[in-house]
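Participant: Spelled out, the chains give:
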Amino acid sequence: MTTQITPAPPATDGRTTPSPAQRPEGRLPRWVPGACFAAAAAVAVGLEAMGDFNIALAVLWTAVLGTLFVWVSSRLMEGPRKATDRLVTCLVGSAFGIAMVPLLSLVYEVTRRGIARFDLTFFTYSLYGIVGEGGGAYHALMGTLVITALTTLISVPIGLLTAIYLVEYGTGRLKRAITFLVDVMTGIPSIVAGLFAYALFALVLGPGIRLGFAGAVALSVLMIPVVVRSSEEVLKLVPNELREASLALGVPKWRTIVKVVVPTAIAGLGTGVTLAIARVVGETAPLLITVGITNATNLDPFAERMATLPVFAYYQLTQPGVPPEFAIDRAWTAALLLIMLVMGLNLVARLISRYFAPKTSR
Amino acid sequence: MTATKATTERRPRRPVRRRGDRIFAGSAQGAGILILVILAGVAAFLVIESLPALTAPAEEIPGGEGVGAYVAPLLFGTLLAAVIALLVATPLAVAIALFVTHYAPRRLAAGLGYLVDLLAAIPSIVYGFWGIFWLAPKLVPFYRWLEENLGFVPLFAGPTSATGRTMLTAGLVLAVMILPIISAISREVFQQVPTLHREAALALGATRWEMIRMAVIPYGKSGVIGGAMLGLGRALGETLAIALVLSVSGGITLNLISSGNPSTVAANVALEFPESSGLDINTLIASGLALFLITFAVNMLARWIVNRRADFSGAN
Amino acid sequence: MAKRIDCSDVNIYYGDFLAVENVTVSIEPRSVTALIGPSGCGKSTFLRALNRMHEVIPGARVEGKIAMDGQDLYGPDADPVAVRRQIGMVFQRPNPFPTMSIYDNVAAGLRLNSKKLKKSDLDDLVERSLRGANLWNEVKDRLNRPGSGLSGGQQQRLCIARAIAVEPDVLLMDEPCSALDPISTLAIEDLMADLKDRFTIVIVTHNMQQAARVSEQTGFFNLNGVGQPGRLIEFNPTEKIFSNPDQKATEDYISGRFG
Chain A
0 MTTQITPAPP ATDGRTTPSP AQRPEGRLPR WVPGACFAAA AAVAVGLEAM
50 GDFNIALAVL WTAVLGTLFV WVSSRLMEGP RKATDRLVTC LVGSAFGIAM
100 VPLLSLVYEV TRRGIARFDL TFFTYSLYGI VGEGGGAYHA LMGTLVITAL
150 TTLISVPIGL LTAIYLVEYG TGRLKRAITF LVDVMTGIPS IVAGLFAYAL
200 FALVLGPGIR LGFAGAVALS VLMIPVVVRS SEEVLKLVPN ELREASLALG
250 VPKWRTIVKV VVPTAIAGLG TGVTLAIARV VGETAPLLIT VGITNATNLD
300 PFAERMATLP VFAYYQLTQP GVPPEFAIDR AWTAALLLIM LVMGLNLVAR
350 LISRYFAPKT SR
Chain B
0 MTATKATTER RPRRPVRRRG DRIFAGSAQG AGILILVILA GVAAFLVIES
50 LPALTAPAEE IPGGEGVGAY VAPLLFGTLL AAVIALLVAT PLAVAIALFV
100 THYAPRRLAA GLGYLVDLLA AIPSIVYGFW GIFWLAPKLV PFYRWLEENL
150 GFVPLFAGPT SATGRTMLTA GLVLAVMILP IISAISREVF QQVPTLHREA
200 ALALGATRWE MIRMAVIPYG KSGVIGGAML GLGRALGETL AIALVLSVSG
250 GITLNLISSG NPSTVAANVA LEFPESSGLD INTLIASGLA LFLITFAVNM
300 LARWIVNRRA DFSGAN
Chain C
0 MAKRIDCSDV NIYYGDFLAV ENVTVSIEPR SVTALIGPSG CGKSTFLRAL
50 NRMHEVIPGA RVEGKIAMDG QDLYGPDADP VAVRRQIGMV FQRPNPFPTM
100 SIYDNVAAGL RLNSKKLKKS DLDDLVERSL RGANLWNEVK DRLNRPGSGL
150 SGGQQQRLCI ARAIAVEPDV LLMDEPCSAL DPISTLAIED LMADLKDRFT
200 IVIVTHNMQQ AARVSEQTGF FNLNGVGQPG RLIEFNPTEK IFSNPDQKAT
250 EDYISGRFG
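Chains as they are written, first to last, in numbering that gives the first Met the number 0: chain A, 0 to 361; chain B, 0 to 315; chain C, 0 to 258.
A few of these clues could be false.
Here are the simulated lysine-lysine pairs, DSS-like style, with alpha carbons at most 27 Å apart [what the hints assert, rightly or not]:
1) K258/A to K195/C
2) K139/C to K258/A
3) K118/C to K258/A
4) K258/A to K174/A
5) K118/C to K139/C
6) K239/C to K118/C
7) K114/C to K258/A
A partial selection of chain C residues facing chain A, derived with a Cβ cut-off under 8 Å [stated by the list, open to error]:
8) N50
9) A81
10) T98
11) S100
What the hints contain is simulated information worked out from the structure, not anything from laboratory work. Since the model is a prediction, treat every value here as computed from it, not as a measurement. Using N, Cα and C, we set each Cβ at its ideal position, and we do this for glycine too.
The whole structure should be built from the sequences, with the hints applied where relevant.
Facilitator: Here it is, written out as structure tokens:
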């Protein structure tokens with residue numbers, strides 16, 4: 000597997016007896032690891048072919064046997080130290096492979112099941128008066144957009160100003176306290192943020208309240224610390240020389256920040272905000288308890304329940320009605336749409352950081 | 000001397016500030032203070048809204064035995080799922096971080112790291128879907144095998160759930176979800192290992208693994224622990240993936256592969272809240288308050304560990 | 000336009016640390032005053048105190064009196080922003096704004112203060128400033144290109160153009176040539192000779208030949224040891240400092256016995 004081989008070990012190793020590593024041919028030819036895995040694959044396919052063929056198990060057997068073969072051949076030809084090294088290389092590579100399994104299977108599964116209802120109706124119809132077939136998530140998609148926009152509107156000014164305070168103004172106890180509490184906020188479970196928003200609005204407007212705006216408040220609790228953290232990092236990267244250059248021109252500090260510091264950092268700020276939006280757009284739990292769900296289109300976040308994409312997906316799956324398959328199809332399409340939204344936002348974030356970075360020669 | 004001297008005794012005299020400066024600095028500081036207020040608000044409103052449940056007679060609480068008895072199995076379930084996730088995810092994440100920083104070809108490393116980070120971008124409800132429909136059924140044969148061969152261990156006593164929606168499945172889904180968090184932080188600390196340390200180990204004739212064991216792991220250990228704690232914090236609060244995947248019935252049990260599982264705090268709130276009213280809601284909020292306090296403590300500990308490491312790394 | 004600066008009993012602190020002690024000096028208008036001395040002796044700190052840039056650093060403060068043509072720069076009503084508009088500054092490393100074009104960099108002082116000028120007036124001002132900084136001929140065809148695309152010496156002259164565009168009375172230069180090659184250095188020195196007709200120029204430099212070439216007056220800063228405050232040891236016409244200084248320490252420093 001590995002092609003880069005470290006220099007031969009010194010003559011004696013304190014912990015082991017002189018090993019075959021000192022043999023002049025003590026190096027595995029480069030093709031051996033590959034051959035080991037090929038042999039393992041052959042054995043695995045053979046094993047599986049005897050019973051019911053299961054591709055996952057075949058891959059698993061290949062990895063286990065291949066690692067074993069490499070270890071044994073290295074142990075015989077290179078000695079125990081090199082063998083351990085190769086064993087770890089195989090294990091570490093396999094770990095990465097294992098991590099890819101959920102990613103690939105998840106994307107595949109959601110696409111496969113979600114594509115069925117990925118049609119025009121899904122994007123143009125709500126569930127109003129729909130029983131069984133048809134209907135769509137227009138109301139939920141619009142609800143998600145409204146609430147996410149509202150969340151962004153609340154979070155970005157607060158988050159950005161806080162970051163500016165921490166980087167440009169903050170001193171002493173207050174700065175330390177805010178830094179600390181932003182860390183704490185980062186760790187608030189999303190459901191707790193939802194309960195907070197509910198508790199807040201229930202105290203003011205009475206129990207049982209469901210409101211789009213309450214959802215936006217809950218999501219803001221989750222989004223603000225993300226915005227603060229990323230903006231703070233980016234603002235710190237703006238060279239101090241630029242601030243001094245501007246101040247020395249007799250520009251007041253606040254204009255220096257608004258006209259020099261922020262524009263210099265704008266690419267990083269945009270990236271951070273986009274990633275923060277990506278983080279909250281798929282949040283389900285807080286919206287489930289603050290905004291609820293409805294089948295009709297409601298775009299007013301200050302009145303009544305609203306539908307949102309994640310909550311829509313949740314209810315379509317858990318309470319599909321009879322017959323269930325149509326609602327479950329819609330749930331998968333909503334999940335697919337959510338993944339596309341989040342991945343799209345991640346992509347946008349990367350593009351922003353690549354194309355809007357200031358052209359510095361330094 | 001001059002009059003200025005008299006006014007600049009110990010603390011510097013406040014310089015003249017323009018109105019724009021005062022307004023802007025004031026609003027920046029206001030935003031910072033607002034964060035303090037929000038956090039205080041979170042704690043205060045949770046306390047206020049859970050007070051009715053905490054003071055109510057025990058028999059009015061769902062289950063009839065008071066808030067403590069209601070919350071205890073939930074906390075147990077929360078901790079159990081999170082611990083499973085942590086045990087599975089931490090070694091895997093460390094291995095992935097090592098792969099990306101020390102084994103993968105240089106040119107691919109950043110891209111491979113990004114692939115792992117993508118796992119963090121997937122919404123938790125989608126993990127729930129994936130857990131129910133893809134992972135759980137695939138695990139059923141494995142659970143059968145565990146029951147047959149390791150059934151004497153209480154963890155695998157069975158009987159095996161036919162749907163695979165068990166505590167172990169929930170823990171595995173959580174493990175996937177916290178994997179990118181732990182691996183991202185581990186990657187960061189592994190990259191910071193001074194080249195000098197690594198070269199010193201290699202110059203002694205160490206193999207790559209020996210170099211990692213001698214130089215990289217000791218250096219990155221506390222960073223990895225901190226990352227794992229942050230992952231734990233996330234796992235404790237995870238809601239919908241568990242609400243969907245875990246089939247809930249019964250109380251405290253260590254049996255990981257049967258269909259009778261305790262719920263978790265967060266999942267229980269998500270499942271019960273929409274249909275609840277009155278005191279039930281206060282009880283749920285009280286359980287949320289308990290969750291808040293636990294994650295708070297875990298996160299503090301994690302930050303403390305990570306920051307302590309930062310203090311030491313300067314010495315190198 | 001050029002104005003004189005009088006300092007008396009100036010003490011400069013970083014927090015509790017006294018960095019520069021007891022400086023009393025008069026800086027003449029329409030001339031170049033050079034400040035020399037070993038590293039860490041406080042000459043840059045002193046320079047930054049002259050236009051209240053020192054206090055930008057958290058905890059930093061200045062005691063004593065600094066006046067420009069009788070106007071107390073540290074008086075209770077003195078606005079640091081207004082002071083900096085009257086006393087411009089050029090830094091050690093060229094620092095054009097990376098997000099702005101060459102044109103916008105020169106206009107930055109006015110634009111950032113949201114002074115509204117007619118387009119033609121602004122064009123005139125930019126051209127005048129760039130000509131004043133001996134840069135016009137090199138950049139007139141690419142005024143809309145980013146300023147960071149210029150060479151180091153050009154960038155430094157761009158920064159000088161930016162500083163003189165706000166029409167200050169005094170120009171402070173903090174080792175303006177230390178990051179530049181000899182040819183760019185020469186260009187800046189020539190520029191200083193031109194500019195001193197219009198501005199009071201104070202320059203901090205590590206290069207004694209440069210001080211001898213460009214300045215009329217020279218101040219020598221020194222400190223007794225690490226952790227001790229810097230002091231102004233001698234302030235005299237440049238010719239005298241370099242030929243027949245009053246102080247032994249000055250002579251030692253200039254003849255290269257230390258520093």
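Participant: Would you pick out the hints that fail for this structure and give their numbers low to high?
Facilitator: Hints 1, 6 and 11 contradicted; others consistent.
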